Amino acid sequence: MDKAAFVAASRYSRRRVVTARSDGCDFRAPVRVGHLVEATAEVIATGRTSVSVDVQLIAENLLSGERWLATRGRFVLVALDEAGKPTPLLPRGIKAEDGASGAERGDREPEVVCSAPHAAPGTRAQNRVRDDHE
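Read in our numbering, the sequence shown has 920 at position 8, and its numbers run on one by one without any break.
Among the hints, a few may not be true.
As the list claims (entries may be wrong) - Computed beta-carbon distance windows for the label pairs:
no., residue 1, residue 2, range
1, T931, E994, 18 to 24 Å
2, L975, G996, 29 to 35 Å
3, N973, C937, 17 to 23 Å
4, V945, K997, 42 to 48 Å
Unchecked claim - Think about it this way: if two alpha-carbon atoms lie no more than 25 Å apart in a straight line, the pair counts; the simulated DMTMM-like pairs of lysine to aspartate or glutamate are:
no., residue 1, residue 2
5, K915, D993
6, K915, D966
7, K915, E972
8, K915, E954
9, K915, D935
10, K915, D938
11, K997, D938
12, K915, E950
Hints are computed from structural coordinates only; laboratory data are not their basis.
No experiment lies behind these values; they were computed from the predicted model shown.
Glycine is no exception: its CB is placed at the ideal position from the N, C-alpha and C atoms.
Using the sequences provided together with the hints, build the complete structure.
Take a look at the structure:
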């Protein structure tokens, strides 16, 4: 879930970010081996140097097609400059180097960050999940 928050905060801020806090996870329903897990992340608030991200894990039984909210959590990530010090986020309306303004980045819908089969530790399926956080 932290990786999903990392991707959403990085895309929003277009800056290097690190996780400052996890405000807990609400485990709502179990996910069994063989179920598909989809992580969605949405930037819900910004501070001067921080981004708050809500992350949901949606599980799916591939045989029945049933989908359910399995886990929800909130993460706070801080933007860093080249020296590793907290740096301000771009104010809304100011253009970043990529041409997107803070408002344009903030108006995005929640996005699917990764989907992968839920597999037992050390199995081939688990090891195929791409790790964008490293």
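Handout entry: Hints the structure fails to honour
Key = Numbers 2 and 11 - these are the hints that the structure violates, sorted from lowest upward.
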